[in-house]
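K.L.:
If you want the building blocks of each chain, they are given just below.
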Amino acid sequence: MFEAHYDLVWRVLKGVGVPDASAEDGAQQVFVIASRRIDDIEPGRERAFLCATAVKLAAPLRARPNHVPVDEALEPAAPDTPADEVHRKQQRALLERFLSQLDDELRTAVVLSELEGLSKKEVAEALGIPEGTAASRLRRGREELQAIFKRWKAAQR
Amino acid sequence: MSDQLPPLDDELQGLLGNARGQLAPEAAKAKARAALGLPHPSVAAPHAPDAPKPPSAPAPAAPAAAGATTAATIIKGTIVVALIGGGFFAGLRVGEDRAREEYEKLPPKTVTVEVPVPSPVPTPVVEVAPVPTPTPTPNVPVVTPRPPAAGDTLEAELALLEPVREALEKKDAPAALAAVGKYDAKFPRGSMRTEAGLMRLEALLLAGKRTEAEALAKRLSAATDSELVRTRIKRLLDAP
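Residue numbers (my numbering), protein chains in the order written: chain V, 1 to 157; chain A, 1 to 240.
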């Protein structure tokens, strides 16, 4: 489970706004919890369990604007970083900027669905909310994300 | 599910696609493996579906957390970590120092029988049998799991820290300090103590109590061996 899902857990933590410095600790803690609750995890539901745990753990670890603002993706790349990697970093930083403008609830739903590919049902399960609520958050999250992107695009012209 | 959802611009889809492929830093993963007592995938158990094929050479012992033995086994493709002695908190930075000290004071309830495996048979992974009455068997370390430790209260701790976070987001320093006070009162040795300390630090700075904040920052820095925590402290102190 660790090797298969560590990246996912780390991405979820980062995706919902946990800075690098805490994502590492948070991911580790997620697997400690998973190891303790191994009997509660149904086969095939590992991703949902890990995502749910990561989301719960993320709440107090999220970056707060103007307080812990430094993110690895936003820092300038080292001079010897390959161009492709620089581009990918810039893209991630841009996405992070868009996501950070979403409400936490919408952001979490968007990250789980759009980044990690969880189904609506899995998102609902991971967040402990009804499926209808998950669907609503996903729809609103996408709408807002698209609107944020459009505003950014317009500002570029 | 996407077919029922509002469409996203192609460029935005591209950004999401790029982020989907992001991998955690290998160093972070390696540290987590070490803290959890898991072997590197190149020396993982032969039956682990997530792991590569069995090693051709004898596997080294799983990296143990400082000052303790940590063992892991893989059951049905999922990891089980047996936390022995002081291994759990020694390997964790999140719920670190004092909890670790207290945990290490507990008498060990572990019986571990370690019999050298004859060469050249590899030792793919440390096997753990969490049975109530240990029955030592050659080549199989038998472990009785310890009673639940502080981390079992994690959800309760997080619930108490959530109001702190909300108050900080609203820049309401008095409310944040009051809320973190509640956490400290209930979980003076909680596993999120370091995080609570960082939140208190942030609240103190927000309240303009610089001297008090700097004193707390010193205590937090001295109490942790995590460079990441020290970095966060510095960032908080340096923030405008």
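In case anyone wonders, no lab produced these hints; they're calculated from the structure. Check before you lean on any hint, since a few could be wrong.
Unchecked claim - Dumping the calculated SDA-like pairs for lysine to any residue here, alpha-carbon to alpha-carbon at most 20 Å:
| no. | chain 1 | residue 1 | chain 2 | residue 2 |
| --- | --- | --- | --- | --- |
| 1 | A | Lys170 | V | Asp40 |
| 2 | V | Lys56 | A | Leu8 |
| 3 | V | Lys56 | V | Asp40 |
Claimed, not checked - Cβ-Cβ distance ranges computed for the label pairs, FRET-style:
| no. | chain 1 | residue 1 | chain 2 | residue 2 | range |
| --- | --- | --- | --- | --- | --- |
| 4 | V | His87 | A | Pro6 | 25 to 33 Å |
| 5 | A | Asp10 | V | Ser100 | 20 to 28 Å |
| 6 | A | Glu214 | V | Asp39 | 42 to 50 Å |
| 7 | A | Lys171 | V | Gln101 | 17 to 25 Å |
| 8 | A | Ala239 | V | Trp152 | 35 to 43 Å |
| 9 | V | Ala147 | A | Ala185 | 42 to 50 Å |
| 10 | V | Ala154 | A | Ala223 | 14 to 22 Å |
| 11 | A | Ser221 | V | Lys150 | 21 to 29 Å |
| 12 | V | Ser100 | A | Thr231 | 16 to 24 Å |
| 13 | V | Asp84 | A | Ala223 | 40 to 48 Å |
| 14 | A | Pro174 | V | Gln90 | 36 to 44 Å |
| 15 | V | Gln146 | A | Ala239 | 28 to 36 Å |
| 16 | A | Glu214 | V | Ser100 | 28 to 36 Å |
| 17 | A | Ala185 | V | Gln146 | 17 to 25 Å |
To be verified - Output of the computed footprint for chain A on chain V, the stretches with three or more beta carbons under 8 Å from beta carbons of chain A:
| no. | segment |
| --- | --- |
| 18 | 21–31 |
| 19 | 45–51 |
| 20 | 86–99 |
Even for Gly, the Cβ is constructed at its ideal location relative to N, Cα and C.
K.L.:
Now, for every hint given, state plainly whether the structure supports it.
P.N.:
Status of the hints after comparison with the structure:
1. Of the supplied pair hints, the one linking Lys170 of chain A and Asp40 of chain V is violated, its CA atoms being roughly 36 Å apart against a limit of 20 Å.
2. For a cut-off of 20 Å, the pair hint linking Lys56 of chain V to Leu8 of chain A is broken: about 28 Å separates their Cα positions.
3. Restraint check for Lys56 of chain V and Asp40 of chain V: the C-alpha separation of about 17 Å stays at or below 20 Å, so the hint holds.
4. Checked against the given bound of 25 to 33 Å, the beta carbons of His87 of chain V and Pro6 of chain A, roughly 27 Å apart, stay inside it.
5. Taking 20 to 28 Å as the suggested C-beta distance range, the pair Asp10 of chain A and Ser100 of chain V conforms, at roughly 22 Å.
6. For the pair Glu214 of chain A and Asp39 of chain V, the supplied restraint of 42 to 50 Å holds, since their beta-carbon distance comes to about 46 Å.
7. At roughly 18 Å, the beta-carbon separation of Lys171 of chain A and Gln101 of chain V lies within the given 17 to 25 Å, and the hint holds.
8. A hinted range of 35 to 43 Å is violated for the C-beta pair Ala239 of chain A and Trp152 of chain V, which are about 26 Å apart.
9. Separation of Ala147 of chain V from Ala185 of chain A is about 43 Å and conforms to the stated range, judged on CB atoms against 42 to 50 Å.
10. Our hint of 14 to 22 Å for Ala154 of chain V and Ala223 of chain A is violated, since their Cβ atoms are close to 49 Å apart.
11. Checking the proposed 21 to 29 Å range against Ser221 of chain A and Lys150 of chain V shows it is violated: the Cβ atoms sit about 45 Å from each other.
12. A beta carbon spacing of about 20 Å between Ser100 of chain V and Thr231 of chain A agrees with the range 16 to 24 Å that was offered as a hint.
13. For the pair Asp84 of chain V and Ala223 of chain A, the beta carbons lie near 42 Å from each other, so the given range of 40 to 48 Å is met.
14. Taken as a hint, the range 36 to 44 Å holds for the pair Pro174 of chain A and Gln90 of chain V, whose Cβ atoms sit roughly 40 Å apart.
15. Taking 28 to 36 Å as the suggested C-beta distance range, the pair Gln146 of chain V and Ala239 of chain A conforms, at roughly 32 Å.
16. Glu214 of chain A and Ser100 of chain V have their C-beta atoms about 29 Å apart, which keeps the hinted 28 to 36 Å range intact.
17. Taking the beta carbon of each, Ala185 of chain A and Gln146 of chain V are about 45 Å apart, not inside 17 to 25 Å as hinted.
18. For the segment 21–31 of chain V, the stated coverage by chain A holds: 10 residues have a C-beta nearer than 8 Å to a C-beta of that chain, and at least 3 were required.
19. Counting residues of the segment 45–51 of chain V whose beta carbon lies closer than 8 Å to any beta carbon of chain A gives 1, which falls below the threshold of three, so the coverage claim is violated.
20. With a cut-off of 8 Å between beta carbons, the segment 86–99 of chain V has 6 residues touching chain A; three or more are needed, and the interface restraint holds.
In summary, the structure is inconsistent with hints 1, 2, 8, 10, 11, 17, 19 from the numbered list given earlier, while agreeing with the others.
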